[in-house]
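Chains as they are written, first to last, in our numbering: chain A, 1 to 274; chain B, 1 to 274; chain C, 1 to 302; chain D, 1 to 302.
Note that these hints are calculated values from the structure, not bench results.
Cβ coordinates follow ideal geometry from the N, Cα and C atoms, glycine included.
Hints may contain errors.
Calculated Cβ distances over 10 Å to all of chain C for the following chain B residues [as the list claims (entries may be wrong)]:
id, residue
1, Arg-91
2, Arg-217
3, Thr-224
Dumping the calculated BS3-like pairs for lysine-lysine here, alpha-carbon to alpha-carbon at most 27 Å [unchecked claim]:
id, chain 1, residue 1, chain 2, residue 2
4, D, Lys-275, D, Lys-258
5, C, Lys-258, C, Lys-268
6, C, Lys-223, D, Lys-56
7, B, Lys-133, D, Lys-223
8, C, Lys-281, A, Lys-193
9, B, Lys-193, C, Lys-18
10, B, Lys-168, B, Lys-133
11, D, Lys-151, B, Lys-135
12, C, Lys-105, C, Lys-258
13, B, Lys-3, B, Lys-193
14, B, Lys-163, B, Lys-135
15, D, Lys-275, B, Lys-133
16, C, Lys-150, D, Lys-258
17, C, Lys-105, A, Lys-168
18, C, Lys-35, C, Lys-150
19, D, Lys-258, C, Lys-151
20, D, Lys-223, D, Lys-81
21, D, Lys-18, B, Lys-3
22, C, Lys-81, C, Lys-151
23, C, Lys-281, A, Lys-135
24, D, Lys-56, D, Lys-202
25, C, Lys-268, C, Lys-281
26, B, Lys-168, D, Lys-35
27, B, Lys-133, D, Lys-202
28, B, Lys-193, D, Lys-151
Spelled out, the chains give:
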Amino acid sequence: MAKPADTGTDRYSMAELMAVEMSRNLAVDDGTLGGVGGGATIPMAAVRLAILTVAPNLWWFCGGSAAINPVFTELPLTAHDPRASVGAEARAPMQRTVDMGMRGSLWGWGFNGGMQVDKYGNCNMIGIGPYEKLKVRGPGTVGTLWSASMSKYYLYFWHHNPKIIVDKVDFISSPGFLDGGDSRSRVCLPSAKGPALVYTPMCVMDFEEVTHRLRLRSVNPGYTVDDVVKNTGCELVIPPGVGHTAEPTDLEYRLLITQIDSRRVLRNYRLSIG
Amino acid sequence: MAKPADTGTDRYSMAELMAVEMSRNLAVDDGTLGGVGGGATIPMAAVRLAILTVAPNLWWFCGGSAAINPVFTELPLTAHDPRASVGAEARAPMQRTVDMGMRGSLWGWGFNGGMQVDKYGNCNMIGIGPYEKLKVRGPGTVGTLWSASMSKYYLYFWHHNPKIIVDKVDFISSPGFLDGGDSRSRVCLPSAKGPALVYTPMCVMDFEEVTHRLRLRSVNPGYTVDDVVKNTGCELVIPPGVGHTAEPTDLEYRLLITQIDSRRVLRNYRLSIG
Amino acid sequence: MASSDSATQGGDLPPQRKSKEISLRQAGERIAAAKTVHAMNSAMALVRAGIRAGAKNLTVIPQVTSNLSVDLLIAAGCVEKLYISYIGFETYGFAPAFRRAAEEKSISVVESDEAFIVLGTRAAASGMPYVPIRRIYEATDLPRLNPLLKKVLDPFTGEETYAIPPLPGDVCLIHAQECDEFGNAQIWSGNQQEIDKAMASKFVIVSTERIVSVDRTRENVDKVTIPGYLVHAVVHAPFGAHPLVWARHYESDTAHLKAYFDAHAQGKVADYLEKFVYGCKDEADYIERVGVRQVMSLMRNV
Amino acid sequence: MASSDSATQGGDLPPQRKSKEISLRQAGERIAAAKTVHAMNSAMALVRAGIRAGAKNLTVIPQVTSNLSVDLLIAAGCVEKLYISYIGFETYGFAPAFRRAAEEKSISVVESDEAFIVLGTRAAASGMPYVPIRRIYEATDLPRLNPLLKKVLDPFTGEETYAIPPLPGDVCLIHAQECDEFGNAQIWSGNQQEIDKAMASKFVIVSTERIVSVDRTRENVDKVTIPGYLVHAVVHAPFGAHPLVWARHYESDTAHLKAYFDAHAQGKVADYLEKFVYGCKDEADYIERVGVRQVMSLMRNV
């Protein structure tokens, strides 16, 4: 049975740590347009925190609310929450959203998830089992196909276990590096760099440069490399000397809980391991 | 040299008469969506008057202003005039305008014009002369191609002379009945009925049912059938006993000059004959 | 409006502008008579009315992320085919009726995605014969699973592209915050997918929290999201999105949603449907069954 | 904004949000460096700046009905190729520089129409490889005159359709009523063609009557017509649409337009250009030459 992810310390929850770490890695995206989709409570907090710290020029599209650059102090649970549109600077109609993605080069980054992810970052939202007789029918592809095909993106998962991080997904609904190597570039534009980082309650991962295999980048406080390997369903590249994900600084944490998540949604956010 | 169109009587100008007669013939369009484009001062007045009298359920798109169902008492000169958007019930973005036309069946009627029109109602906005060496370069096709192809429409002209109403246009930029007979239906949807009426400062014309040749319907007050024939550059079907266009009623005229054209733009509107 | 002025001239009354208002029951009958439905999530009162009126064998084209409105239609056995982009409750989990029906094959699923639904709807809305898109679908399993995706050559570059077909609908269900009786509707915080769905459909029904005068519509024309010429019927339906969140009106009713999930988990969906759909005389009755106190508690923070 | 709050923490200042404001002169240089321009009519200050900066051999894709902005560029010899939908002054007559240049073949004309420009721009804006449309073009002479219209088969019906190619631009010129320094722009009474033109272009310049704070932008987000992420440069240009009408700001300057027409009729276009374009130090100088009294008289009824 899955157990709740360790909160790391009394000071912060693992969801809060994930949001803070995500925010730091958005520094390289400063000045570009990206966005979040469904179930993106943690990424929404991360984007807002990045804007307050390392990436003040981010432009972000807040999924179902259609808001561009919303400003909230009460973190919404989903991008469809009307609260996710307050303080916005513009609205993006549905069709513009697809336009933004399909046009290429305009959409810089996004946060995607899935029911399964494999060692090349391919994701599955379609289902588990043969299509004719699915064991679990998934919720569907949404916009992950275009956002994964046409840009760089980040993956995040609420749970870390061998059923979610697998050797090969049952269906590809959004492309990572396909079969690894340069196979992605057979279909996707070279400027669309694919999955950059993978966030879970247990660790942060990225992809090896040439083979594009999943690689451990840092282990979240409270866990070890062995914990990660044991709970991962595919082979993982482990670089020598991989360290821990840095804890939130006082400034990051204070901004998070006063200016973004004043209702403390992330404090008790349900994540699991195993 | 062209001379100004006779104003008919001291009571009303010919532009006012045209607007009133146009408004009456919009009764059959009540409940449907249509619109006007550039240079549509007279049709704008007509549509507003129709709504106040015979067609209260008209939906109309006011060209460049993007306004749906605007309400003005100061008649704008063009649909691009910001005054043409006051009191609107909605806005139609550019792309929706093309959508409305291209979708078929949604767009019910429109007002089109041109540099030339021929005996089958085809119009030319491209130019006079061979394309390689145009004698007069026209302003271009605008939206007349789709509005003429995809719906019923009305034609109107500020001038009535043999150079404008011709046997055959130099270029077809918007289709009337093409070569007459059933030639229009080879390309256009059967529901897109093509040109219904033609308004000039001298008369109102329509098209014969089967041959689709231009036919005189009524002669504006102050002119005779002979005047019309003399100033028309193509053969015209003249039904027996063709009468005069009815003058504005007191009610029509009062509504026009108090509620639609309070600045009396149409009183001195430049029209010409010959 | 000047039409009242002309009416004072004596003689015959001039023709009047016609209201598009119909009852929720009439709207339900219209839905039940349809084959293909373009549905927005929040039109819950319309969905309940359609179920009550006996809707059957529907093909449903939902919004790109859908949840209860579609799941309830499936739970009530109204759906034959579903175009899927996303159906689920995000952080709350899977859509229970959908998941079961899809796994049991009691509904058929067209394996679509956001672009397929948005662009196919755009094609139907705009008269485009189809929408060509770059070959990114090839990076996924969708072309294998969705036979409606066809290939076509780009006549300018000679490159292979995919073609998405038009997705027209018979009826379109939309909930609005404000709408006048002529159909000009305001959807606050929406993403304007509604207008394409409306243009793609033969008959458009807008339910609305509040019916406002057309003068009020004119006051803030920038807020009008659906022009009335696209709308065929207007239904007065306060709380018409319950138990879903409705911007500036009420929060999501998580307690009610939990009752719905629990009904599924416990095999008591029929009880839920009897209590909250079939058994309700009308939507006022529905709200009384949900509980006025409960509904009032949702009217904050939104 | 909280960024100022974090700045008070001491230590290194956090990175700040960058303004996109540039000078009109810089904008002119940007235009002069471009090949293909998506231009909105009302961006007259930007057009004058482009002419002053020596723009040459431009390909211009104007809005579907265009007038002075394009005609002035042609009069100044900046244009090599024009995509035409409509250029003219409606009730006031033909566009004089265009008509002459087209008849003399000193510019080349792509014989387009509203649908061609709108849908081709949409294609460039949305990454669609081309836009298929029903064969209505066949009823006209356009396919014969415009070699960019190609035929393609509809893979669903087998029917022949026409294909419109994408129309991308290097630079896009737009005038706004209000815009913040981050590029969120409000165009009142516009028809939103601007957003497709912006998305279709590599570099987007918005000139604006008034630069407002981003807080003011947030106050009425429904009025924001161009989101700032599409905008690369913002130019402060009060009266920047003169002599054209600008909603809620000023009327069309018919006296000035008549002077322009007369200059053409009398073969004195060079004098007009010298006085109102080349000879002006900046736009304040331009407005002084037009006459402050004249400009103030336009600020009514609009």
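A quick look at each hint next to the structure:
1. Arg-91: Given a closest Cβ separation of 6 Å, the condition is violated.
2. Arg-217: holds (24 Å)
3. Thr-224: holds (33 Å)
4. D:Lys-275 to D:Lys-258: holds (15 Å)
5. C:Lys-258 to C:Lys-268: Cα-Cα ~13 Å, so holds.
6. C:Lys-223 to D:Lys-56: violated (42 Å)
7. B:Lys-133 to D:Lys-223: violated (46 Å)
8. C:Lys-281 to A:Lys-193: violated (56 Å)
9. B:Lys-193 to C:Lys-18: Judged against 27 Å, a Cα distance of about 26 Å means the pair holds.
10. B:Lys-168 to B:Lys-133: Measuring from Cα to Cα gives roughly 18 Å; hence the hint holds.
11. D:Lys-151 to B:Lys-135: violated (31 Å)
12. C:Lys-105 to C:Lys-258: holds (25 Å)
13. B:Lys-3 to B:Lys-193: violated (34 Å)
14. B:Lys-163 to B:Lys-135: holds (13 Å)
15. D:Lys-275 to B:Lys-133: Measuring from Cα to Cα gives roughly 33 Å; hence the hint is violated.
16. C:Lys-150 to D:Lys-258: The given pair, whose Cα atoms are some 56 Å apart, is violated under the 27 Å limit.
17. C:Lys-105 to A:Lys-168: Roughly 25 Å between the alpha carbons, so the hint for Lys-105 of chain C and Lys-168 of chain A holds.
18. C:Lys-35 to C:Lys-150: holds (24 Å)
19. D:Lys-258 to C:Lys-151: Distance of about 55 Å is beyond 27 Å: violated.
20. D:Lys-223 to D:Lys-81: violated (34 Å)
21. D:Lys-18 to B:Lys-3: violated (61 Å)
22. C:Lys-81 to C:Lys-151: Since the Cα atoms of Lys-81 of chain C and Lys-151 of chain C sit roughly 24 Å apart, the hinted pair holds (cutoff 27 Å).
23. C:Lys-281 to A:Lys-135: violated (39 Å)
24. D:Lys-56 to D:Lys-202: Holds: Lys-56 of chain D and Lys-202 of chain D sit about 18 Å apart, inside 27 Å.
25. C:Lys-268 to C:Lys-281: holds (21 Å)
26. B:Lys-168 to D:Lys-35: With a Cα-Cα distance of about 39 Å, the restraint between Lys-168 of chain B and Lys-35 of chain D is violated, given a limit of 27 Å.
27. B:Lys-133 to D:Lys-202: violated (35 Å)
28. B:Lys-193 to D:Lys-151: Cα-Cα ~25 Å, so holds.
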